[in-house]
Amino acid sequence: MEKPGIEAGMAGREGRHKFIPPRSEALRTEIRPVDPVPAGLDGLWHDCAGAWESRRSRSQRLWAKALELEALCRQSEAWHEHEFKEAMRTHRARIKRLGARWGAGVEAAMPCLVEAARRTLHLRAYPTQIMGALAISEGALVEMATGEGKTLTIALAAAAAGWSGKPCHVITANDYLAQRDAADFSRFYQLCGLGVASVRAEMTPPERRMTYQAGVVYCTGKELVADYLRDQIALGPYSDAHRRAMIYLLGRHYSGQGAVLRGLHTAIVDEVDNQLIDEAATPLIISRHAENEAMKTACIAADRCAAGLLPGEHYAVNEREKEITINEAGRKLIAEWCEDKTGLLNAQDWVMDLVQQSLQARHFFLRDKQYVMIDGKVVIVDEYTGRLMPGRSWRLGLHQAVEAKEATEVSEPSETLARLSFQNFYRYFNHLAGISGTARESWREFWRIYGISLVEVPHYKPNIREDAPLRLFYSEDAKWAAVVEEIDQQHRRGRPILVGTRSVDASERLGRLLQGRGMVYTILNAVRHEQEAEIVLRAGDLQTITIATNMAGRGTDIRLGPGAANCGGLHVILTEGHESARIDRQLKGRAARQGSPGSSVVFVAFSDELIQRFLGPIRKRMLKFWLSKRLPGGATLLKLGFKIAQRKAEKKGRRQRFMLLKQDQDITKNLIGAKAKSTARSEAF
Amino acid sequence: MERKLFSESWHRVAAQKIRLRPSVRVRKQFFRGELWYVANDLYGDQFFRFRPEAWDFIARLDGTQTVDEVWQQCLDARGGNAPGQTEAIQILSSLYQSNLIVSDFPADVAQLFERQKKRHAREWKARLFGIFFLRIPLFDPDAFLTRTMPFLRPLFSVPGVLAWLLLVGSAIGVVVSNWEQLFSGRQGVLDPANLPLLLVAFVIAKLVHEFGHGYAVKRFGGEVHVMGITFLVFTPIPYVDATAAWAFRERWKRVFVGASGMLVELILAAIATFIWASTGPGLLNAWCYNLMVVASVSTILFNINPLLKFDGYYILSDLTDTPNLQPRGMKQLGHWVERYAFGGKHSQSPATSRADSIWLGSFGVASWLFRLYITYVIIMFVADRYLGLGFLAAVLTIVGLFVIPLFKGVKFLFTEPRIERVRTRAYAVTVLTLGALFILLAVVPAPRYFRAPGVLFAENAEFLTVRGRGVVESRGMIGQTVEAGQVLMRLSNPELAMQRQRLEAEAAELAHMERVQLARAGIGADVLRQRRAALDLRIIELQEEEAAMEIRAPIGGAYASIQPAENYQRWLARGETIGEIVSEGDWLFYAIVPQKHSNLLFNQELRSATVRFPGSAGALVEPTAWSIVPGQQEYLPSPALGWRGMGPVQVRDDDPDGVRTVEPFFLVISKLPDTASVLRHSRVGVVRFRVANEPYAFQWYRALRQAVQKRFMF
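Chains A and B, in that order, are what the protein sequence lines are.
In case it helps, this note's numbering puts the first sequence at residues 40 to 724.
In case it helps, this note's numbering puts the second sequence at residues 663 to 1376.
There's no promise every hint is true.
To be verified - Covered, in the sense of this in silico footprint (three residues per stretch, anywhere, with C-beta under 8 Å from a C-beta of chain A), are these stretches of chain B:
hint : segment
1    : 671 to 685
2    : 746 to 758
Claimed, not checked - Within a straight-line C-alpha distance of at most 25 Å, the following computed DMTMM-like cross-link-like pairs (lysine to aspartate or glutamate) qualify:
hint : chain 1 : residue 1 : chain 2 : residue 2
3    : A       : K668      : A       : D647
4    : B       : K666      : B       : D703
5    : A       : K691      : B       : E731
6    : B       : K666      : A       : E375
7    : A       : K659      : A       : E362
8    : B       : K780      : A       : D74
9    : A       : K708      : B       : E670
10   : A       : K708      : B       : E1124
11   : B       : K993      : B       : E1078
12   : A       : K708      : B       : E1166
13   : B       : K1073     : A       : E120
14   : A       : K691      : A       : E352
15   : B       : K779      : A       : D705
16   : A       : K361      : B       : E731
17   : B       : K679      : B       : E731
Stated by the list, open to error - Facing chain A, from chain B, some residues (calculated, C-beta under 8 Å):
hint : residue
18   : F668
19   : A739
20   : P1079
21   : R1080
22   : R1083
23   : V1084
24   : R1085
25   : P1301
Derived from the structure by calculation, the hints contain no laboratory data.
Here a beta-carbon is modelled for each residue, glycine too, at the ideal position from N, C-alpha and C.
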């Protein structure tokens, strides 16, 4: 049934392109026009519409429907094989006819899909899962607690999307999950008459092309965006589907190498807040290493020059905005330094720029926090997941500056070939839906940027997690001592403990402290990540202490080991607040999954980076005064300060993401060769 | 400004092969001694100017090399002066926005349409909110101008200029020699009967004016493609689009184009002057007179003002080498606020130097204030004339002038990324400023006054009336202080004495005849006696009259004589007033309080008052007491207060004395101390009453409400 669209069209040498009606190809690969993000009064109106869309009655309606459908599903369990096949054929044909509006046919097809899952996987969908699948088919932002079977929920909706004949991508948090889910559900999809495949990082382009032909494709966001951008580069000026169609009609052929994707239509994003918010802070860049000796020497020289400048005297450091401002004295020094140089280094303006970058590298890009050194190479650590990102590099010049600072060999600067923000990319989909355990906090942003509204799916089993009140401290030392004490106490009860830290540094420090108390623990961080799966698997066992840098978004459930539930389940300790309350909740959500017992506690100190960076200077000083004088009500104030800092951090992140999107759109609007409707189609030369 | 060598968006342009459109012409121009390159697309009528460094980059873009290659060359050649990647992208994007470049990469057609749509929307918005300056383009006059140019070319040459000087010079000569006549006909201009003539003269003058611009542009090689009608406060006036002048390299040419409209109009005025001076009164004469005034005085007064976007503005911006003067002035103001009030470091001044920034800023302030003022005037004018439509237009203009900028300001404050770092300070400054303004205007009670015109009378004053008849003999006295009974003037009337003598003789005769009659038995003596008695009476009268030949002061005081010099040797009839004697004593100021202040007058305590008299600036007189005459008045205490007496109060046309007012008023009589030297009997002045303090906002609101009430009769 599946016609290899783009590939066939471009594989002209095989002569197959004549059989492909160009219009259908154009239609399938066409990217939908992206409306600008509503702003001003429009934005206000849009927000109102969002509030209406996310109203409770919608969730209630879906829930009622899900309960009804569940009853129907029970009846269909008695279907004979041919009855079942017949029903499936009917619904499949109907959804195929619906095409882009496949969501309209899901409700009727639901008993069929649920039955298919039951027959192949022996999983009987809960009403919550049915409700989730319905919400996905309506293109919603679904909040569904961890461990309530999100994977099946997605599969139910994805199969229907696959039936529509439009490309359907299920976006997972990592390759491992993509592979696992695709394998777990392959029999289900097979019964539904659909191909399923997963994309892995190491795949070659022909392999990828094959993979993307499948009816439902499991992949990570990064792989998908990267493939999309590479396609754009490969297609060049013919990235526009209509232009391609025109070329076919003219009977001519262009020298494109061929795209691997067969279009973008439906995307179902797992851990959607992580993918569309946390990851969306940095755009994806396709680059290649280009020889640029002059650049390399300039970066090294600028680093030497920067080493001669003193903070406070020659430049000011703004910790909050992560910004360096070189003052008059610094400028003079740089000007003098430039005088006897030649070439690029003689141009004061450029040296200033490079020196500034070097200073930034010195102050804000710290070893074991933003990056680690492995074999004399700088390897970036992902700020949200704490994972190593080998092969990734910072923007032009900055990466070189960090390398120069570490006195390691400066790598060739990379040349950007294409760049696209995730926000823009996800806006290209006709049908976008997301699912996450923690979506509620950011539903406004989702609505504003992606136009998807929130549907909260109730818990299948009631959540009995106990969230202890915030533990507040003035100094960091006191906090760590209390953390160790807490671990000790809970450990004695035999509970499995998960400790979240924010940096590699902190995790190692806590490790040393625990070692001092003679406790056995496991550390999971950017440096020690080899046995990740194994560590996670055992993290729920009795008396296990796991210290992990940001676990959020890993999509891994910690299942309780035997007997652990009787001790009170998993205890999650957050040693610091994150820059978003959502991530805190995500981490807390590792405990007490699927109605099992569990608890969580958050430790906050005044000297935490979050408070230091985001609380305004005046508030900070007042709070410090209050706390150091041990005046009454200090704890309440610190708690308030923590909340304010967190809210400010959230706001800053939100603004940053808006800016990135706007920047993307502005560039598109202002530069020749860029598309109004789809920014990325002209990412390539 | 921080310059960045690398840009993250460089890949979007790096591989493109770009060149300027073939239709783009680039010229060197000097602005304030600095070299700039001005690019102009002949088809799109788009202008763009850039610095030599930028031009170096653009000039290298020839469509065969990629942008990246060209940029590398620039960097090699110019080092630190070459544009960085960020700047290069900015340049390219502005050029693209102005449709001045083409690339080997396909441009997005949808984008182009989008841009056009946006431009149209913007134009419509500008039209709507600038409805008092509505422009409607009608046709393309270029072909016509080209064809007729040969006939007019001599005008734009050295002999042409000389001829112009001669013509206008001699016209001025004619005007000077007919100065008196010129002003005697002055009222004719505004006479309703002349209005149609005035309109025709106006239309002709403006057509000539606009064609003047058009031909001037043509003369220097530009093209003029749009001609249309501006509805200036609903008055249609033709206009031409002379933007092609921006591309002229020499400044004087641009200035000349700006001034050419007025210069050509002056020719018309000169011709009209000659005809006017050489014809007798009649239709042609009157018409030429109108044309002369319209094409010279009014056009210059109207156009020379640089604060509105007419000729003067363009001339000024060319003279000072600051294109887009007004927007840049406003931008400068914005920059000051952002930079100094908000502490934003990323704001960029549109000025190139300190002096430039002061110039731009002060122009910004002036033009903004003037626009506020002119809008106020226009709205008031329109509100009078065109009630419904004018009201709508006024609302639109207010929205355009206040509401939209306010909205933009708020948006800027909340969302502008440039002030992200200093937003807290920006909020604080804005709130504090608004708060201070609010307190100043709406909370702090401000002194409150109202004014009323009035006339000053001395309490003890007597007019000097002639009771005798005769020729004035003495030259009289002026302004002297006199005592009661002092002789002020002597009249001589010899006839009077002779008449008296004749009557005395007659009386003597009658007495004689009476005696004769008595001697003859007395019949008829009675009649004679009675006649004599009558004669005696008459004689006494004459004697009294003779005595009245000496005019004496009835009371002591200052003597004010009317026309003392002219009265000398003049015949004065009985009853004529020759002067007034104002004796020492109290002065009373009769103030005419209009009805709009009646509320203040009766409901508020009048705290203090000051009286001033025009012509005696600085001299204030404070009344010692005042009383309000209860009940409305309709007759002015002095005709000098009415319109007929050139006073401020409107009086009825049908009142020959000019004292009956159109609107009833209240009379307040204040007593002035006799200390100031400015006090003169019958002098017209203004009294300012102070009432209880009230914040300005309330005062203005009341004033506005009264104005609206008065104009719209709500």
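Hints versus structure:
1. 671 to 685: holds (count 9)
2. 746 to 758: Since three or more residues must qualify, the claim that chain A covers the segment 746 to 758 of chain B holds, with 5 doing so at under 8 Å.
3. A:K668 / A:D647: holds (19 Å)
4. B:K666 / B:D703: Judged against 25 Å, a Cα distance of about 30 Å means the pair is violated.
5. A:K691 / B:E731: violated (38 Å)
6. B:K666 / A:E375: Answer holds: B:K666 to A:E375 is near 20 Å, not above 25 Å.
7. A:K659 / A:E362: At roughly 20 Å apart (the allowed maximum being 25 Å), A:E362 and A:K659 satisfy the hint.
8. B:K780 / A:D74: holds (15 Å)
9. A:K708 / B:E670: holds (16 Å)
10. A:K708 / B:E1124: Roughly 88 Å between the alpha carbons, so the hint for A:K708 and B:E1124 is violated.
11. B:K993 / B:E1078: holds (15 Å)
12. A:K708 / B:E1166: Violated - the C-alpha atoms of B:E1166 and A:K708 are around 118 Å apart, more than 25 Å.
13. B:K1073 / A:E120: violated (63 Å)
14. A:K691 / A:E352: With Cα atoms ~29 Å apart, A:K691 and A:E352 exceed 25 Å; violated.
15. B:K779 / A:D705: Holds, because 17 Å separates the two Cα atoms, which is no more than 25 Å.
16. A:K361 / B:E731: Since the Cα atoms of A:K361 and B:E731 sit roughly 33 Å apart, the hinted pair is violated (cutoff 25 Å).
17. B:K679 / B:E731: holds (10 Å)
18. F668: Since the shortest Cβ distance to chain A is 5 Å, the answer is holds.
19. A739: violated (12 Å)
20. P1079: holds (6 Å)
21. R1080: violated (11 Å)
22. R1083: Status holds, d = 6 Å.
23. V1084: Violated. Min distance 11 Å.
24. R1085: violated (10 Å)
25. P1301: Not OK, violated: B:P1301 not within 8 Å of chain A, min 61 Å.
Comparing the model with each numbered hint stated earlier shows that hints 4, 5, 10, 12, 13, 14, 16, 19, 21, 23, 24 and 25 do not hold.
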